[in-house]
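J.: Can you build the whole structure from these sequences, using the hints too?
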Amino acid sequence: MAVKEEVIEILNTIIGEDISDQMDEDFFDNGLLDSMATVELLLDLESKFDIQAPVSEFDRNEWNTPNKVVAKVESLIG
Amino acid sequence: MLNLQPYADPQYFVYLLLALVPLAVGLYFGKRIDWYEVIVSLVFIFLMFNGKKYHEGYAIIGFMIWQWLLVWGYTLYRKKSNNALVFYFATLLAILPLVIVKVSAPAHWTHVSTLLGFLGISYLTFRSTAMILETRDGSIKTFNPWLFLRFMLFMPSISSGPIDRYRRFEKDITSVPSREKYVSMLEKAVWYFFLGFLYKFIISHYLGEVWLPYIQAFAIDAAQVHHGWTWWLIPYMYTTGLNLFFDFAGYSLFAVATSYVMGIELPMNFDKPFLSKNLKEFWNRWHITLSFWFRDYIFMRFVFLIMKKKWIKSRVTTSNIAYIFNMLVMGFWHGLHWYYIAYGLFHGVGLVINDAWIRYKKKHNVPHNKWTDAIAIVITFNVVMLSFLLFSGFLDTLWFK
Chain B
0 MAVKEEVIEI LNTIIGEDIS DQMDEDFFDN GLLDSMATVE LLLDLESKFD
50 IQAPVSEFDR NEWNTPNKVV AKVESLIG
Chain P
0 MLNLQPYADP QYFVYLLLAL VPLAVGLYFG KRIDWYEVIV SLVFIFLMFN
50 GKKYHEGYAI IGFMIWQWLL VWGYTLYRKK SNNALVFYFA TLLAILPLVI
100 VKVSAPAHWT HVSTLLGFLG ISYLTFRSTA MILETRDGSI KTFNPWLFLR
150 FMLFMPSISS GPIDRYRRFE KDITSVPSRE KYVSMLEKAV WYFFLGFLYK
200 FIISHYLGEV WLPYIQAFAI DAAQVHHGWT WWLIPYMYTT GLNLFFDFAG
250 YSLFAVATSY VMGIELPMNF DKPFLSKNLK EFWNRWHITL SFWFRDYIFM
300 RFVFLIMKKK WIKSRVTTSN IAYIFNMLVM GFWHGLHWYY IAYGLFHGVG
350 LVINDAWIRY KKKHNVPHNK WTDAIAIVIT FNVVMLSFLL FSGFLDTLWF
400 K
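Just so you know, the sequences run in chain order B and P.
According to numbering that gives the first Met the number 0, the first sequence is numbered sequentially starting from 0.
According to numbering that gives the first Met the number 0, the second sequence is numbered sequentially starting from 0.
These aren't lab readings, by the way, just hints derived from the structure by calculation.
You may find that some hints are simply not true.
Computed far set for chain B versus chain P, every beta-carbon distance over 10 Å [to be verified]:
hint, residue
1, Ala1
2, Glu8
3, Ser19
4, Asp20
5, Glu24
6, Asn29
7, Met35
8, Val38
9, Leu41
10, Glu61
11, Asn66
12, Ala70
Far from chain P, some chain B residues (derived; all Cβ distances over 10 Å) [as the list claims (entries may be wrong)]:
hint, residue
13, Val2
14, Met22
15, Asp33
16, Glu39
17, Phe57
18, Lys67
19, Ile76
With the Cβ distance kept under 7 Å, some of the chain B side facing chain P (calculated, not the full set) [what the hints assert, rightly or not]:
hint, residue
20, Ser34
21, Leu42
22, Ser46
23, Glu56
The structure displayed is predicted, hence computed values, not measured ones.
No residue lacks a Cβ here, since even glycine has one placed at the ideal position from N, Cα and C.
T.: Encoded structure:
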């Protein structure tokens with residue numbers, strides 16, 4: 000549970016609005032996240048969870064909704 | 000000797016499609032006939048670099064040996080260690096042949112460009128460089144010498160893209176689409192071929208070969224009288240800009256269609272770019288595989304580096320510098336001419352302004368509706384057309400020749 004909340008908190012800070020009610024919305028489609036924000040997200044996740052998330056692992060089809068990000072982080076934590 | 004340039008004339012399509020029939024039949028019945036595909040690809044590549052283009056043929060063989068050794072060597076090294084300097088050096092070696100060719104053209108070192116240059120060198124360099132970057136990240140772990148060659152020399156897109164990614168390509172080439180899926184790919188391929196014919200052989204033919212020479216002649220005459228300015232520049236701008244789209248989008252459709260027939264889902268290169276509401280959106284719809292290549296391998300990595308090392312505090316400054324850097328590199332890649340570099344700078348500055356506007360809109364809740372959307376599309380279209388006038392190099396002819 001903790002992972003999910005922490006990811007939401009990171010996303011909220013980067014996007015600048017509360018996304019907890021749109022966990023399955025594609026944030027690239029609706030323009031909430033751009034390349035710049037994506038890098039911020041990767042860096043924040045790296046430092047928060049101590050995981051390796053290099054840019055080339057970032058496949059936009061696998062990271063495009065808050066829920067998918069949570070799943071990715073959980074799988075990277077192992 | 001016979002020489003066949005890709006998608007250049009109707010004959011080419013007849014040869015190509017006939018040659019692909021056995022492959023398509025195989026795929027329909029759930030089998031990928033690898034050896035046949037390799038032979039067909041090699042024959043068509045051979046015919047591309049045959050006859051008067053034989054020197055390009057030698058150049059591509061040399062280039063492939065170079066990249067093959069480099070990517071193989073770097074993968075071996077990366078298994079043992081991960082020094083940043085070695086990575087930068089390997090990247091430099093990967094782009095070196097392209098850099099030499101790009102520099103030798105304006106410097107008139109014709110013997111160098113004849114020795115090393117060939118049609119498609121840029122697009123092959125993008126593929127191998129991306130592999131080195133992904134190997135550094137640990138996303139590509141092993142070197143498969145055979146798949147490397149098939150990826151680099153994938154025939155439909157060898158000369159001008161779309162630029163595929165190794166891991167995506169690997170998935171496609173090592174599997175067979177289901178019959179249902181393959182049939183839908185064939186349907187799309189037929190549609191793309193016909194749309195491509197319309198774009199390239201009809202629309203682009205009129206724009207580029209029938210009208211443009213006239214407009215150009217009028218413009219040059221008028222500009223001589225009026226110190227470099229003429230109203231003819233306006234029709235020239237739209238004609239050359241639209242021609243750029245229909246010519247390249249047409250070519251890209253052929254490449255994607257051919258690749259679908261071969262059971263490979265090469266990514267699309269254009270997505271109605273002139274309906275973009277701003278410049279940022281335009282770059283998500285125009286020459287997509289190139290723009291995404293720059294986004295993923297230059298822009299994002301550059302931003303990642305700056306932010307990780309905390310070189311620049313401000314988020315806005317970071318993205319502004321990255322935009323300009325990214326687009327300038329793209330400008331230089333097009334060639335060492337002032338108008339290509341100016342084109343890159345134009346788009347870099349354009350993206351900076353675009354971002355500032357998006358921030359302003361968010362902050363002040365600027366209203367938007369279908370009318371403002373329409374205005375946005377018109378403005379974006381004209382800004383893009385202006386950049387294509389620059390890109391065309393016509394101003395260079397008009398002012399400096």
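J.: It remains to establish, for every hint, whether it holds in the given structure.
T.: Hints versus structure:
For alanine 1 of chain B, the shortest C-beta to C-beta distance to chain P comes to about 25 Å, beyond the 10 Å cut-off, and the non-interface label holds. With a closest Cβ-Cβ approach of about 18 Å to chain P, glutamate 8 of chain B is found to remain outside the 10 Å limit, as its non-interface label requires. A cut-off of 10 Å between C-beta atoms confirms that serine 19 of chain B is not in contact with chain P; the least separation is 20 Å. With a least CB separation of 19 Å from chain P, aspartate 20 of chain B remains clear of the 10 Å interface cut-off, as annotated.
Listed as a non-interface residue, glutamate 24 of chain B keeps its Cβ farther than 10 Å from every Cβ of chain P; the least gap is roughly 18 Å. Distance check for asparagine 29 of chain B against chain P: the nearest CB is about 13 Å away, which clears 10 Å, and the non-interface claim stands. Not every Cβ of chain P is farther than 10 Å from the Cβ of methionine 35 of chain B; the closest lies at roughly 5 Å, contradicting the non-interface assignment. Annotated as non-interface, valine 38 of chain B brings its C-beta within 10 Å of a C-beta of chain P; the closest such distance is 5 Å.
Taking the minimum C-beta to C-beta distance to chain P, about 7 Å, the non-interface status of leucine 41 of chain B is violated against the 10 Å cut. Glutamate 61 of chain B, annotated as away from the interface, keeps every beta carbon of chain P farther than 10 Å; the closest lies near 12 Å. Remark: the non-interface label on asparagine 66 of chain B is consistent with the geometry, its nearest Cβ contact in chain P lying 23 Å away (cut-off 10 Å). At roughly 18 Å, the least C-beta separation between alanine 70 of chain B and chain P is larger than 10 Å, which holds for a residue marked as non-interface.
No Cβ of chain P comes within 10 Å of the Cβ of valine 2 of chain B; the nearest lies about 22 Å off, and the non-interface call holds. For methionine 22 of chain B, the non-interface assignment is confirmed: its Cβ lies about 22 Å from the closest Cβ of chain P, beyond the 10 Å cut-off. Non-interface call for aspartate 33 of chain B relative to chain P: violated, since the shortest CB-CB distance, roughly 7 Å, does not exceed 10 Å. Chain P draws glutamate 39 of chain B into its interface by the beta-carbon criterion, the shortest separation being 7 Å against a cut-off of 10 Å.
Non-interface call for phenylalanine 57 of chain B relative to chain P: violated, since the shortest CB-CB distance, roughly 8 Å, does not exceed 10 Å. No Cβ of chain P approaches the Cβ of lysine 67 of chain B within 10 Å, the least distance being about 18 Å, so the stated non-interface status holds. Listed as outside the interface, isoleucine 76 of chain B is consistent with that label: its C-beta sits roughly 17 Å from the nearest C-beta of chain P, beyond the 10 Å cut-off. For serine 34 of chain B, the interface hint holds, the least distance from its beta-carbon to any beta-carbon of chain P being 5 Å, beneath 7 Å.
With its C-beta approaching chain P no nearer than about 6 Å, leucine 42 of chain B sits inside the 7 Å limit, and its interface hint holds. For serine 46 of chain B, the shortest C-beta to C-beta distance to chain P is roughly 10 Å, which exceeds 7 Å, and the interface hint is violated. For the restraint placing glutamate 56 of chain B at the interface with chain P, the shortest Cβ-Cβ distance is roughly 6 Å, inside the 7 Å limit, so the hint holds.
When the structure is compared with the earlier hints, violations turn up for hints 7, 8, 9, 15, 16, 17 and 22 and for no others.
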